[in-house]
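As given, the protein sequences belong to chains A and B, one line each in that order.
The numbering used here applies: residue 1 is where the first sequence begins, and numbers increase by one.
The numbering used here applies: residue 1 is where the second sequence begins, and numbers increase by one.
Possibly wrong hints are sitting among the right ones.
Stated by the list, open to error - Below, a list of computed lysine to aspartate or glutamate pairs in the EDC-like style, where the Cα atoms sit at most 20 Å apart:
#1 K328(B) <-> D311(B)
#2 K139(A) <-> D111(B)
#3 K151(A) <-> E350(B)
#4 K18(A) <-> E226(A)
#5 K108(A) <-> D365(B)
#6 K108(A) <-> E71(A)
#7 K139(A) <-> E89(A)
#8 K167(B) <-> D220(B)
#9 K39(B) <-> D111(B)
#10 K8(A) <-> D221(A)
#11 K139(A) <-> D220(B)
#12 K53(B) <-> E148(B)
#13 K28(B) <-> D17(B)
#14 K139(A) <-> E381(B)
#15 K195(A) <-> E71(A)
Treat the hints as calculated values from the structure; they're not laboratory data.
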Amino acid sequence: MLKINNLKVAVNGKEILKGLDLEVGPGELHAIMGPNGSGKSTLGYALAGRDGYDITDGSVEFEGQDLSELEPEERAAAGLFLAFQYPVEIPGVNNAYFLRAALNAQRKARGEEEVDSMTFLKTVRESIKTLKMDEGLLKRAVNEGFSGGEKKRNEIVQMAVLQPKLAILDETDSGLDIDALKLVAEGINGLRDGKRSFVVITHYQRLLDYLTPDRVHVLSDGRIVESGGKELSHRLEAEGYAFLEESAA
Amino acid sequence: MSALIDSLAIEARLPADDHVEVRRRAHKMLLKHGFPDIKTEAWKYTSLRVLEKRAFSDHLPGSNVLPELPFAATVLHFDNGLLNANDLNLPDGVTLEPQSGAQLDAVDHGDRAGAFGWLNLARFEQAWQLRIEGQLEQPLVLVISTAEDFHGDVHPRLAIELAAGAKAQIIEVHGDCGEGLVNIVQDIVLEQSANLHHLISRQSAQSAWIQRSHVKVAGDADYRFHTLDRGGRLTRHDLAVHLTASGAHAEIDGTVLVNDRQHVDFHTAIDHEVGHTNSRESFRILADGSGVGVFNGRIHIQRGADDSHSDLNTANLLLSEAARINAKPELEIYAEEVTASHGATIGQLEDQALFYLRSRGIPADQASALLKQGFAAAPFENIESGPVRDWLLGVLNNVI
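Sequences are here, hints too, so could you generate the full structure?
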């Protein structure tokens, strides 16, 4: 599904990712943990194609396609989704309208028929219900005036409606209380179908209690320095990231 | 500026009718003050040069098709600026008559900045007085349009009076295909506890549109104004609102879109003449191409107008390097116990928001259109939801 080979990414001329390797197979959920400033969000932005995140070396393949050749919207249509750490407020643009425009733009790009508003609303309402969100949020402007938790849950609603092949979740757990965290985890688990893949970027082990990662990676100073199973996240929780320095030394 | 006097204001062009004395007086004032130029403070950003090069032919009868409106309304069509009042079917409580000599005689358009007001008074073809009593169920729509072969100048003059307790929605739809001058003067009076929602949707091509709206709001009366201006070669609107008694309330909301070589200038002034009066204003300009947008919003709270409240906000988007926006809030406060706030911003589309939309699969051009629409629609959010608001938003989304 996703093959990252020796990826180097510079932001404002400063190298942040310094040779990152990662391979995610279909249906797998990988967790990426790491201290602040290790390059976690840069990885998410670089994969989604944000301007200013320049790939200076290495390669990223998504289902055999070179991602660096694609515009952000083409990546989305190909099945890539990034849940933002800080979802952006879009004043004046209605949430439901935006989401339907996104879904139909993706479908159009893939040569599929657009969805009618009835089918669309049914899908959205189901996701909203699963995440115990207020349906009134659909009529509001995208993320405007949403609480921190509502914004994060709104990202999961978008993911559920857009049905990506690969979802990258950038610290979706940060700022959530335990109930919201469980709802978000349920939302993610509900979308695991053996084919769809996930890269869950997180600072804490907390979210992983409710998910079942196939692999856990530790990102430090722009590289994956350690990979393992779920037990690695427990070790990080118990020992902190200090052992990275020990192993480096 | 004598070029404009020669083309628009030579004495021979004054109609010889019952109002000849009023016209002569106005003409004299116009000659005395002259037309404004960019040294006139209120016209600093708007040059009339484009008009100076034009020759204005005599007035032609129009044959414009009415725009289709998706709501039931009483329509008054000012075809090439002239209203055919013969076949009008006005609802109960609405009367339309020519303005009286005494009414016209009392007019004062001030100094040089008001030159187009004097021009209108000297040259108007028709001067109507519209009076509204009771509560109108349907909007009154004033369509002012010009045809493709319109190279003339027309000077519609309209007084609108809402009786005490009256309630109405007046929607002006301005459109032009010609290359002339439409010079409108409006006097609007809201008597005690009257309620007027005044809305303008305008799209102009090569003609110049100059409009002066003078509004007087009595005690507990409520004046709401919305404008959606989609650009024109030269558009200038002066809107002055006077809150004349306790409880008077006014709200002004507007969005201006300019592109190519368009130029739109809005000058608004809200005058709190007495205490316990409230106003709110929000104005947005989106300037693309080499378009120029001007907004000057003045709030004047007079001495003794204590316990008045006013809020003025202007937010603007510059969408190209060649576009220009001049946005200026002006507050003059001479009273006590007043709350008055103002803010002005000029920015560009946010990269982060664009990326967010694109990351969801929305192509770049559609994403920036969505952002612009969202920004431009904000001043209309407070219109009661229904067919009028839907129509206005549809018109807006069609141009972005």
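Q: Measure nothing beyond the straight line between the CA atoms of K167(B) and D220(B); if it is 20 Å or shorter, mark the hint as holding.
A: Since the Cα atoms of K167(B) and D220(B) sit roughly 13 Å apart, the hinted pair holds (cutoff 20 Å).
(Q) K39(B) and D111(B) were given as a pair; does the straight-line alpha-carbon distance stay at or below 20 Å? (A) 14 Å, holds
Q) Taking 20 Å as the top limit, are the C-alpha atoms of K139(A) and D220(B) close enough? A) 33 Å, violated
(Q) Does E350(B) sit within 20 Å of K151(A), going by the straight-line distance between their CA atoms? (A) Distance of about 19 Å is within 20 Å: holds.
Q | K8(A) paired with D221(A) [C-alpha distance capped at 20 Å] | A | Holds - the C-alpha atoms of D221(A) and K8(A) are around 12 Å apart, at most 20 Å.
Q. Does the alpha-carbon distance linking K139(A) and E381(B) stay inside the 20 Å limit?
A. Answer holds: K139(A) to E381(B) is near 13 Å, not above 20 Å.
Q.
Between the alpha carbons of K108(A) and E71(A), is the straight-line distance 20 Å or under?
A. The hint holds at about 15 Å.
Q: Measure nothing beyond the straight line between the CA atoms of K328(B) and D311(B); if it is 20 Å or shorter, mark the hint as holding.
A: 14 Å, holds
Q) Are the Cα positions of K18(A) and E226(A) separated by 20 Å at most? A) Distance ~15 Å between K18(A) and E226(A) Cα, so the pair holds.
(Q) Need the status of pair K139(A), D111(B): alpha-carbon distance at most 20 Å? (A) Violated: K139(A) and D111(B) sit about 49 Å apart, past 20 Å.
Q: Given the hint that K139(A) pairs with E89(A), test it: the Cα-Cα distance must not exceed 20 Å.
A: Holds, because 14 Å separates the two Cα atoms, which is no more than 20 Å.
(Q) Can you confirm whether the C-alpha distance between K28(B) and D17(B) stays at or below 20 Å? (A) 17 Å, holds
Violation of the numbered hints given earlier is confined to hints 2, 11, 15; the remaining hints are satisfied by the structure.
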